[in-house]
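Student: Each chain is listed here by its residues.
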Amino acid sequence: MDLSALLLSRLQFAFTISFHIIFPAFTIGLAAWLACLEGLSLGTGRPVYRRLFDFWLRIFGIAFGLGVVSGIVMAFQFGTNWSELSRRTGPIQGGLLAYESFTAFAVEASFFGVLMFGRNRVPKWLYFFSTVMVALGTSMSSFWILVNNSWMQWPVGYEMDATGVFNPTDWMAIIFSPVVWVRFPHMMLAAYVTSAFCVSATGAWYLLRGICRAEARMMLRMGLGLAAVLVPAQLFIGHLTGDYVHDKQPAKFAAIEARWHNEQPAAEVLIAWPDPDNERNLYSISVPYLGSLIGSMSLSSMEVGLTTFPVSLRPPVQIPFFAFRIMVGCGLLMLGLAWLGTMLQILGSLERQRWLLWAIFLSFPLGFIATLTGWFTAEVGRQPWTVYGQLLTADAATPFLTSSQVATSLVLFGMVYALIFLAGTVYIYRLLKQGIVPLPALADSDTNPKRPMAIPGDSPGAPPSPVPVAEA
Amino acid sequence: MVEFWTCTLGLSLLLYVLLDGFDLGVGMLFPFAPSETARRHMLGAIAPVWDGNETWLVISATVLFGAFPLVYSVLLSAFYLPLLVMLLALILRGVAFEFRYKAVRMRRVWDAGFVAGSYAASFVQGMTMGALVQEIPIRAGLYTGGSFGWYSPFALICGGGLCLGYAMLGAGWITYKTEEDVRAFGYRILPWLLAGVLAVLAITFVYALRLDLRVIHRWTERPVLLIFPAIGVVACGGMILAVRRRSDLTPFLMGAAIFCAAFATLAISFVPYMIPFSVTIAEAVAPHSSLSFMFWGAGLFALPLTLAYTLVVYVAFKGKVSGPAEYHQGA
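Taken in order, these protein sequences are the chains called A and B.
Be aware that the first sequence starts at 0, since it is given in numbering that gives the first Met the number 0, and climbs by one per residue.
Be aware that the second sequence starts at 0, since it is given in numbering that gives the first Met the number 0, and climbs by one per residue.
The shape of chain A in the complex, shown without the other chains:
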């Protein structure tokens, strides 16, 4: 395979998976939020929970549909562009991904059906049970993905045979790998925080516009309150994730820190412009001792620098370095917003602070940005390996792909994804903008179990009508 085909394949994988992760990152948290709302509605009988549930269910449906559509592509991409990877790791990765697709389709899809059209057909407890199962299904789905990815970060429980195939010898070691159990909570919290901020931002938007006040307050209270607890938890789990990188992937850790040479005690580079050609940092601002403290919880430890590794085995530095800092920056910003917002809400003065409402409204992309940059850090930092320490990315690709083939597919994926992303976002935006309107009782045939995107409602091309009445 020529080098540009390899680079294009990497770009294509990065593009399609980044596009895909946006939707699960949103729906995992939304599913839990819906289960929570339905539980509260059952427990308290207050109609505001039910109105919120019905409203967010429609948005959940669209995001879920786009996630499914973009996920199908992922099921094929391992074979089309990474045939050597799939031939050699199929006995492990194939099994894990089979579990993922079976859980995704068997658990999520079936209970999703009850969610979308079963309100009037099944008993209340079963409906609530279904919302819990959908939330559980999305979590299980991401669990298998994280087991798979963590195995690529830190391969365990296998034996390599003479043809280079990774044969599983210990599934328990693969599933209960310590790496899985910090990265899976890290991803779950990321998803919950992302959704919490989307919900709070919607609440802030409505308060700024002076509509749906009761629901908006509820969204702000629940969203910010949850974030105020979860963001600090996420920072802690993130630190544990950093520990595994420090111990198991020293080259990635050094790239994230832009540490070129071994240091004892090590300084922490806060911000700089890494210059890989000359193996140094330009315009660097750093804090002495902090590097050792973060890396090893000591003031005197020796921390490994990139020059310890041969050039061919070093990851790119700039992407992990900046992506990591953007992720942490978003996290700190969210922490500040969540704590300040919750505090003012307890004091009862949040609604008078319009600047803060604006800040919360505009914060809706923060969770998505943090999730994406976190994944960039993890995946680019793993380079040049696909299976860490065992299989180089250059050896994982389909050997005979030409750059013209991959360029064609990349351009076409780019165009089609742009089109459906635009249409989907416009539709979600219109639903959100319209606010929470009382819905007429909808006939069952308006939605059905296997069609997540067929949500009754206005056409994106039409001006929003105050009451979307079924014509039948």
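Keep in mind that the hints are not guaranteed to be accurate.
What the hints assert, rightly or not - Simulated restraints on C-beta separations:
id : chain 1 : residue 1 : chain 2 : residue 2 : range
1  : B       : 2         : A       : 436       : 38 to 46 Å
2  : B       : 210       : A       : 175       : 49 to 57 Å
3  : A       : 175       : B       : 271       : 36 to 44 Å
4  : B       : 287       : A       : 332       : 45 to 53 Å
Unchecked claim - Chain A is faced by these chain B residues, among others (derived, beta-carbon under 7 Å):
id : residue
5  : 65
6  : 71
7  : 90
8  : 297
9  : 299
These aren't lab readings, by the way, just hints derived from the structure by calculation.
The beta-carbon is built from N, C-alpha and C at its ideal position, and this holds for glycine as well.
Given chain A, work out where chain B should sit, using these hints.
Tutor: Relative to chain A, chain B alone:
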């Protein structure tokens, strides 16, 4: 274990061909519908089930990845461009389906995507089958055919043939699910589609004889295979009778029987090969530890659950599509 996963793969592929086959077929017949109401009824006839049908494609792909990684890696990379077309076609078709009723000015665009996607996906699947029958060049477990190694006139004919076949299944589904002018439309085109399918089958058979394809020798070696073409002939007769007698569900069932016969013929003539005639099942299969890991959870619980769920959806949505308001009342 090997047998279990081979059968599971065969079953999920067959289910995919039969189920997505009829809804792709309805998509291909869509532009020829007599009216907008007819179009709505046609969509209404497949709306509840189409994306459930497509899950069998994903399940086939992941079972192939987990249980037969060698075949997964060889086939998917060899058919790079055709698969790209198929995936994009399925995406456009899927979203078009839903966005059609949400759009006002864009409806024609989404309709075009729906129809073109249906044709492209069906054609690519048929072409892939044709290329496999004719054999793709593989040396030492690596595909060596280059970007267009799958291309041949024979494969193109097979692509066209599968379009006709799926359209026939689709027409059968229309007669089962609709009434009045749409149903009449289905009955009108069914004989033509059946004739087209038989003509393409005859052409491919003669062509295969001339090319002296290895698959033909299989039939002389294994005369028991002749049972399946015989079943196919009986099913064709059944379909003609059903069209005459206006028996609504039978044409679809007969079409499905023809597909099952063709599927079984090919599958049995390939055994023990998975990629004819270069990679065998025994060569391709994943180690026992992978197969049993998948079996105790996915195979034993998730697979039957998915099958049961598919059945429940079909039972829940049985009967005719009726009235213009069946699909999307708000539209």
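Student: Now, for every hint given, state plainly whether the structure supports it.
Tutor: Verification of the hints:
| no. | hint | verdict |
| --- | --- | --- |
| 1 | B:2 / A:436: 38 to 46 Å | 56 Å, violated |
| 2 | B:210 / A:175: 49 to 57 Å | 54 Å, holds |
| 3 | A:175 / B:271: 36 to 44 Å | 37 Å, holds |
| 4 | B:287 / A:332: 45 to 53 Å | 51 Å, holds |
| 5 | 65 | 3 Å, holds |
| 6 | 71 | 5 Å, holds |
| 7 | 90 | 5 Å, holds |
| 8 | 297 | 5 Å, holds |
| 9 | 299 | 11 Å, violated |
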